[in-house]
Amino acid sequence: MSKRLLILVSLIIVASMILSACATTATTEPGATEAPVVTEAPAGGFTCTDTIGCVTVAPDEPVHIAYAMVISGSDATLGIDSRNGAEIAVSDKGGKVLNHDIKFDGEDDLCSAEGGQAAGTKLAADPTIVAIIGTSCSSAVRVAMPLWSAAGFSVVSPSNTAVDLTLLGNENQHPGYLRTAHSDSVQGRAAAAFAYEKMGFRTAATIHDGSIYAEQLQQVFADEFMRLGGTVTARESVDPTQTDMSGVLTSIAASAPDMIYHPIFIQAGVQIVRQARETPGLENVTLMGADGMFSPDIVEGAGDAVEGVFVSSPDFTKFGPDYEAKFKPAYLAKFGSEPLSIFHGHAYDAMNMVLACIEKVTVKDEDGTLHIPRQALRDCMYATKDYKGLTGNLTCTPTGDCADPKIAVYEYHTGEYPPEKVWP
Amino acid sequence: MLKRWRQTVTWMDIVVWAIGVAIGVAIIYGTIVTLREGRYTTGQWINLTIDGLKLGGIYALIALGYTLVYGILRMINFAHSEVFMSGPFTAVFLAKYLNNIGFYNAHPIISLILITLLSTVVSTTVALLLERIAYRKLRYAPRLVPLITAIGASFFLQYTFRGLYGNDPETYPNMNFLKGMWNIGSITVPKIDLIVILSAFLLMLLLYGIVQVSKTGKAMRSVSEDKEVAALMGINVDRIIVYTFALGGASAGIAGILYSLIFQQVHFYMGFVPGLKAFTAAVLGGIGNVVGAWLGGTLLGLIESLGPNLFLSGLGIPAANQLKDGIAFAILVFILIFRPSGILGERVSRTKA
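These protein sequences, in sequence, are chains A and B.
The numbering used here puts the first sequence at residues 1 to 424.
The numbering used here puts the second sequence at residues 1 to 353.
Rather than coming from a laboratory, the hints here were simulated on the basis of the structure.
Since we're looking at a predicted model, the values are computed, not measured.
Just so it is clear, CB atoms sit at the ideal spot from N, CA and C, and this is done for glycine as well.
Some hints here could point you the wrong way.
[To be verified] Pairwise CB distance ranges, derived in the manner of DEER restraints:
| id | chain 1 | residue 1 | chain 2 | residue 2 | range |
| --- | --- | --- | --- | --- | --- |
| 1 | B | I151 | A | D379 | 46 to 56 Å |
| 2 | A | G200 | B | I32 | 53 to 63 Å |
| 3 | B | I110 | A | R227 | 51 to 61 Å |
| 4 | B | K96 | A | G94 | 38 to 48 Å |
| 5 | A | P329 | B | I195 | 41 to 51 Å |
| 6 | A | E416 | B | I110 | 28 to 38 Å |
Sequences and hints are given; from them, build the entire structure.
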């Protein structure tokens, strides 16, 4: 009896592991949430003619803008940093838009499909939300966006970089979605150009962690690297929470590449950086990550192994003059630290774009009641042209790519953050 | 002979055997192809083996906690993975403090002893509190009750420690004298790996000695044979159970420090995967059996680190290393099908079955 029970328990554990592994691919049907609330014409005589409805804000109510970012776990600095950026945009406005308070709260996207599902469902059920700043991670928005799109929200992400999110006709491109972050097709190509042209590398191996961000980024990198004339010797993948990397690294060492491109996140990234230095054959191989590894946690976690590791990231020196003069001091004053990660500027711009469009499209009654037509808000955001933001001149494409992408490559040194800019 | 065989073997057995043979053939074929290709040098194979032994040693130390408790109480202490997490997650703050005042690298041995001591004490305390608060009352309850309680206790502990220390990962500072490589002949081995393998092995030996030779160990074994008779012989069963939990907790605490010396990052969720693997190791070796825990742990570590590169890449599977957990658990399933009591099995007395 006891043995049978034991076997049963073990089998259940194995089965649950398999099921949970499958769970990431299981997305919900879009449109499962309630339809957007169409406001009835109030006494003031306003009639909502918007195709997907309006949000009515009573005179004493705040305008509700939500965030969905990763604010816990090992990638928390990414999300908290973006949230801080958006909060500075709010306080620059004195916390008010059209004489109404701005209510800025939200959910944790956990940087995963599961988190995106939870945050997506919860926020989609709140009809007072006008717009969402988020998500932090592409995996999360893939699941959440169908819900938010159906709910009529305008969504601006400061840090989703996956290519397919703004690719016309793609199943992951939804109406109402925009981003101020660069697409990975830009970042991956920049990384390949740096590796091939600046460093003169001819062979490279890639590691991804199964997230769409990492998978697409290494794909873009590999395509571009091969187009330039290089060879991709190995393509491996790890688990985002994996600790022991020896198998992967030995397998890569056997193909003897000049460099390893690992556009993954902090937790697994730290272990790769640490263990690569101890793997025979990889002691002198160049390591390169992407913006997901641009964080003080890498410097702390990897110790002296971080010396000489490259990461690509938005080029802060190309940001507008207000970045050094106004934004950074405001950040320091409000949060007591230098920016924690890299997408604070993008979040700042995202929030400002949303607020500017709210001001443009809102119909205001005499008693101070606001009517925000949802489709008009989306149209206004998509029509953004030559907007002078912190991160550059933003012009949105019809599918919502608003970034003015300027990518640079940075090099880490032991115990130093931020890393040093080395290219271009 | 053939007739008897026909009577005892069912179609199900034949199907299972066929699958087993197919997998065996695939493994052997993959291995031959990989070795023929000569993708990896001998040095790389040795390094992978050392890596497997290192992980295996840690799994074995954790597995010991599962196995001892199962041997005595016939329950699976799923909260043991949190016993493993609690020690190193607490000791990291001491390590950081020692590093800040410059003591850590000036007196590495003393620091190492101090953090190991703290980790062991915390893990043991958590194990003892678990036994006293969560399990003692349920000792004569139906077997599913303590099992569910253990899972609940596991979550409770995880989120308690998250509440205490936050959910960001903490990093152990570098210990300089553990860094670097040793050259043995033509191969280079990280110092830390050999140290971990050696200490894990010596600890297992020590714990085995305690269970086999010491008086309390003998009492433990007799309680695991038959609680009532042991009590009649004048053994204080309660005290022996407490002692068992303490022993499991202490070995988990030390395993935690060995784990942190290798991977350096600790967080509240760190116990989950190693705990699951250690449980697998205990089942693989034959739960309730100390030598089995060591054998199962070592085997699991080796399969994990060698398996993907050895036979999966030979079969032409891309990015084979992401399947290492899959291999480990698939092998568990097959061992359970063919040998339900694990490799070494349990010295089964009638009351246990």
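Okay, the hints, checked on the actual structure:
{"no.": "1", "hint": "B:I151 / A:D379: 46 to 56 Å", "verdict": "holds (51 Å)"}
{"no.": "2", "hint": "A:G200 / B:I32: 53 to 63 Å", "verdict": "violated (39 Å)"}
{"no.": "3", "hint": "B:I110 / A:R227: 51 to 61 Å", "verdict": "holds (57 Å)"}
{"no.": "4", "hint": "B:K96 / A:G94: 38 to 48 Å", "verdict": "holds (41 Å)"}
{"no.": "5", "hint": "A:P329 / B:I195: 41 to 51 Å", "verdict": "holds (49 Å)"}
{"no.": "6", "hint": "A:E416 / B:I110: 28 to 38 Å", "verdict": "holds (30 Å)"}
The structure fails to meet hint 2 from the earlier list, while all remaining hints are met.
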